[in-house]
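Go by the hints and put chains H and Y onto chain B.
Residue numbers (the numbering used here), protein chains in the order written: chain B, 151 to 448; chain H, 8 to 244; chain Y, 2 to 327.
Incorrect hints may have been included.
[Claimed, not checked] Pairs of lysine-lysine residues, derived as BS3-like cross-links and limited to a Cα-Cα distance of at most 27 Å, are as follows:
id, chain 1, residue 1, chain 2, residue 2
1, Y, K197, B, K238
2, H, K94, H, K221
3, H, K117, B, K238
4, H, K117, B, K341
5, B, K341, B, K238
6, B, K341, H, K94
Hints are computed from structural coordinates only; laboratory data are not their basis.
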Amino acid sequence: MSNFLQTLLIGVSSGSIYALMALALVLVWRSTRVVNFAQAGQAIISTYIGYEANFHLHNYWESVVVAVVAGAILGAAVEGLVMRPLAKRIRGTAATDIAPVIATLGVLGLIRSLAGLIWGNTFVQYPSPLSAKGYTIGKTVIQFSPQSAAIVVGTALVMLAFALLFNYTRLGLALRASSFQPEISRLAGIKVDRIRLVGWACAGAAGAVAGALVTPTSYLSPNSLDLLLVSGFVAAVIGGLDSLVGAGVGGLILGVGFAFILEYIGASLTFLSGFIILIFVLLVKPAGIMGKRGGRSA
Amino acid sequence: MSGLVIRDLTVSYGASAALDSVSFTVAPGELVAVIGANGAGKSTLLRALSGLVPVNNGIAMWNELNILDHRPENLVRAGIVHVAEGKSVIPELTVEENLDLGGIWQGRSKSIAPLKEEVLDLFPRLRERLGQSADTLSGGERQMLAIGRALICRPQLLLLDEPSLGLAPLIIEEIFAAITGLRSAHGLTVLLVEQNALSALAIADRGIIFNLGKIVATGKAAELMSDPTLRSSYLGY
Amino acid sequence: MSSSTRLLLTLAIGAALIFASSFIDELHVYYGAEIAVYLIAISSIVLLTGFSGQLSLGHGALMAIGAYSCILSYNGWHLPLVGALIVGALTTAFAGYILGFAAARLRGPYLAGATLALAVGIPSLANQFHVLGGETGLSFDVGDIPQWVTNSWFVKAGGQDYTSYKWYFLIAVSCALPTIWVLHNFLHGASGRRFKAMRSHPAAASLIGINIARSKVLAFTASSAVAGLAGGLFALVISTEPNSFTLSLSFLLVTGAVLSGISNLYGSIIGAMVLVAIPELSASVATHLGNSEKVIANLPGVITSLLLILTVLILPNGAHWKPSKS
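Bound conformation, chain B alone:
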């Protein structure tokens, strides 16, 4: 198998993880107009919880379920305990733009430190029933394994599920309405505060799925945070923060982009290339590739 194709596959696999993180960010953005920088941290903690569960249950799939539930609860907790009290306090003041972002940063730092406190800064990993060894094609072993395939399939399923939720269910309609016009939604009888919790819980769950899927093939530590954080955000922005499909597209573009840069240029530039890609997209297509509404200033 050619190098090109192999790099492409690797890119699709890692891109799927970015897509899931981006999806989580988009979910929160759509329901509360906040970029949840703590998302990556929530994903990491959920994965650690899954790791603990696996330790006791010795079953990968059950641990994934535990991790996802933990992610949902954690997401709802951040919204209920931090973001909503903050929103009440800053209603109508000058801080409305910045204060929520800072709050999510605080939560991120807290999660990162707590994870280090509890599990230490060492790497952990837990195995999945799927092999992490690459498929053999012809005579070569490529870097795309059954686990990688699971990542791609899993991501696609999650995205499909959310697309269906948002567009074909009453809950999805409530989620969309509450994010576009919370006051009008209240006047229509929708319990906007409760819906927000659901939005955050869904986002937390999506992030947890990302963590659970990627851990068997790579090591997990509180320091994995940085790449996950930036990639998720960049992917979400590339795709357009309002668009679930965009999260997928953005994730794939970023994943494939990184894979090629890694392969043909060098490891250290991947981080910086993320920044360059981000700036390029924001300057050229401010609403992201799939974004609709006017510009980045809203």
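Quick look at chains H and Y alone, frame taken from chain B:
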């Protein structure tokens, strides 16, 4: 007593009182027009009743239920539906989605299909545009959509905030006719805030005239329309 | 307080601090040096975020640019230390100028995210290019303390050993106090008023003729210059490793700025003191919690983050505890 009972209702923004110790009642099934100049406090009245603004003093009761200090979404469950001026349609959703919005709080048990049909029969233009995004609607169509969605919420007390604002006379007629029809068909109690005093009083049972946050006159709609002093001071003709 | 009074006061405080450093033990003088460095860094965020309303998560990267250009010019061109620090500040100002154009088109979360990507990207460059010293960073050896200092009366009066760290303290304080003085003038002058208008009422501000984009770029440039200066000093006093300039540093600075009351220039001293104090405080708490390596490494982060969250919840618009009317 049942119906709407307001006593000494006061809403202040800082030092100024938008509503100054306002008292009145509305019997069940009545259509009361609330009229007055801009800034007279009419919109604030509705916002206070639907839970959008906090109230500084006073009592408001609907069918002997205290309706102050409740969240708007909970008041909808008590049958109080507010069609706010310019802010009742979600432009990012389609016409149909906007209508369906009204049914979400009711859960699966009550089907909104009959009500939806009724709205679409009443406003055929909406039926033509069901799949369209709501931001493509004209002003009049948006108002129809807003009222339609409000109906799907199963209101008992309908609070309408200047439905005629910015609309052409023919459309205003259509909408006011619809309001009258709905009121009769569903036994609604309606509080109709309007600057277009003439059209409002024409369909109302009674009228309340506001000025600077206070009530300056009340009475049967026909009487208000024919009183010359009131006409020139507050109704503009 | 008039401008000249303030200048005299600044000079007096500086002289007093430097004089006192001869008498105080090295460890506490070192803390003072750290505080001075963080003071400058935090004030750059106060300028950018508190006054012009742009949130940057990338000031750690800007400090890195300042640090590296300072070191490289010191080593490569044999500039005096002051000159190298200025080169650092100017280089970073230039970088900030370029960034400012992108920043002016972004708002809120988008700017935060873009600067986040920068914060993660820039330090990794050091590992890529050998001229930047790789993982261990460049060597920054400023040599012995100059004769004129060791022979001066205030050093001799102290009687104690005048170590390198006391010398660094002198340098840091000599940079910090003038910076604050300059920033005060800048922020209370026309530019500062424009920034404040821009932050609280952007629509009205552009209507009265404030060129928003230009103001944003100016703010970014100025903030970067200050951050670059802080970066050079950071390399001198604290560390030259690229790993010290990562996202954690950026977060730390934002935290310090929030604790300072985000739009309060003089609050920066409080923020700086808290940032330096927390690792020490948590070390003593850690001993009660078992003193394991996990705890020692992460407890400061827990405390800092909790403080950040609480501060944002309690004082989302920043605190205003200025010592004098302004």
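Verification of the supplied hints:
{"no.": "1", "hint": "Y/K197 with B/K238", "in the structure": "24 Å, holds"}
{"no.": "2", "hint": "H/K94 with H/K221", "in the structure": "25 Å, holds"}
{"no.": "3", "hint": "H/K117 with B/K238", "in the structure": "33 Å, violated"}
{"no.": "4", "hint": "H/K117 with B/K341", "in the structure": "18 Å, holds"}
{"no.": "5", "hint": "B/K341 with B/K238", "in the structure": "16 Å, holds"}
{"no.": "6", "hint": "B/K341 with H/K94", "in the structure": "18 Å, holds"}
The structure shown violates just one earlier hint, number 3.
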